[in-house]
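All chains, please: the whole structure from these sequences, using the hints.
Each residue of the sequence shown is one higher than the one before, starting from 3 at the first, in this note's numbering.
Since the hints were derived computationally from the structure, they do not count as laboratory data. Any given hint might turn out to be false.
Said to hold, decoys possible - Here are the simulated distance ranges between beta carbons: (1) P123 x G69: 27 to 35 Å; (2) G106 x R243: 41 to 49 Å; (3) E312 x R243: 14 to 22 Å.
What the hints assert, rightly or not - Cut-off 30 Å, straight-line C-alpha distance, at most; resulting in silico cross-link-like pairs (DSSO-like, lysine-lysine): (4) K105 x K193; (5) K110 x K83; (6) K105 x K80; (7) K110 x K79; (8) K107 x K83.
Everything numeric in this text was worked out from a predicted model, so none of it was measured. All C-beta atoms in this analysis are idealised placements derived from N, C-alpha and C, irrespective of residue type, glycine included.
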Amino acid sequence: MQRLSFFLFVLLFAGAGQLTAQMGLNPFDWFDGEAEEEALAINVASNADEVAASSLVESGKAALESGNTGRAHSRFKKVIKRYGTTKAAGEARYLRARILMTKGKWKKAFETLQEVVTENPEFEQFNQVISAQFECATALMEGARGRILWIIPGFRQYDEAVRQFETVVRNGPYSDYAPLALMNIALVAEKQDEPDVAIDALDRLINYYPQSMLAPDAYYNMAETYSSLVKGPEYDQGATRQAISYYEDFLILFSESNYVGDVEANLAAMQNLLAESRLKLGDFFYYYRNNNTAALTFYNETVTIAPESEAADEARARIEDVEAGVRPISGAQIVRSLLLID
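Laid out in structure tokens, this is it:
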């Protein structure tokens, strides 16, 4: 009896499933359909809203032309608040941002422009939006400040400038403003003594925009940034090698540049420093470890890196001593000779 009941239950369930499929009564579709219709209702403005928003925008533009900035700003703000999903809202946001920029409210203007990107992506003057965002970020980079209590000048907003430039790169990766924004990030980072940030921005400029007119400056600034990290021949030479690499790349890629003379001089300085560091390592193994094999390796590197340097001349003299079997005189040996100790 139980087996018969189970069999009837299976038949009933299968029949119900076939019936709901034929009639389009899938319960999983009920809520998804309602949610989709509700989303469309929210995001699609009615014709009446479009007409009202366009009328307000035209009124605001007329006020702007007559010099009534306050009235224009009020009209654009009303469009954004009431008719934010209309096509006219994109222009309202853009024009409102322009008004904010004339008042020096760079951060608020940038945020309003970003609303155009996220809320009104169909706005036809998209390049002008990116241009205006770049202008806002540049103003902050150049030292524009906000006001505390509308009177007291605030702090410089370099971190905000970097954030805005990064947004410009994301919004318009194929625009002319992207490499400019990356270069400005590097310049701001240099002001704030943040070489890692500068290196990251310049690396992206070099790799993503090799045909940009800023590419020579990017290579040069990258080399200079690494050069600034070099502490001396006694320290790790990773930054020195990176600087040399970018200086050499510059000379290969931009041989007609006006910077060639400076680059050649800076390259020579970095090569001399690296050669000096190799010489010191060779001396360590020659004088203090009695390891002529290791010493010769570093002395030869010194000559190869900067053959015309003073370090190379010293390295050649050491090589001659090693090959002639001359034993180095250490500090301990000098003391023994002075004290007549065998």
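Hints, one by one, checked against the model:
1. P123 x G69: 27 to 35 Å: With a Cβ separation near 32 Å, P123 and G69 satisfy 27 to 35 Å, so the hint holds.
2. G106 x R243: 41 to 49 Å: Hint holds: Cβ distance 45 Å, inside 41 to 49 Å.
3. E312 x R243: 14 to 22 Å: At roughly 20 Å between Cβ atoms, R243 and E312 fall inside 14 to 22 Å, so the hint holds.
4. K105 x K193: holds, 26 Å
5. K110 x K83: holds, 16 Å
6. K105 x K80: Distance of about 19 Å is within 30 Å: holds.
7. K110 x K79: The given pair, whose Cα atoms are some 13 Å apart, holds under the 30 Å limit.
8. K107 x K83: holds, 20 Å
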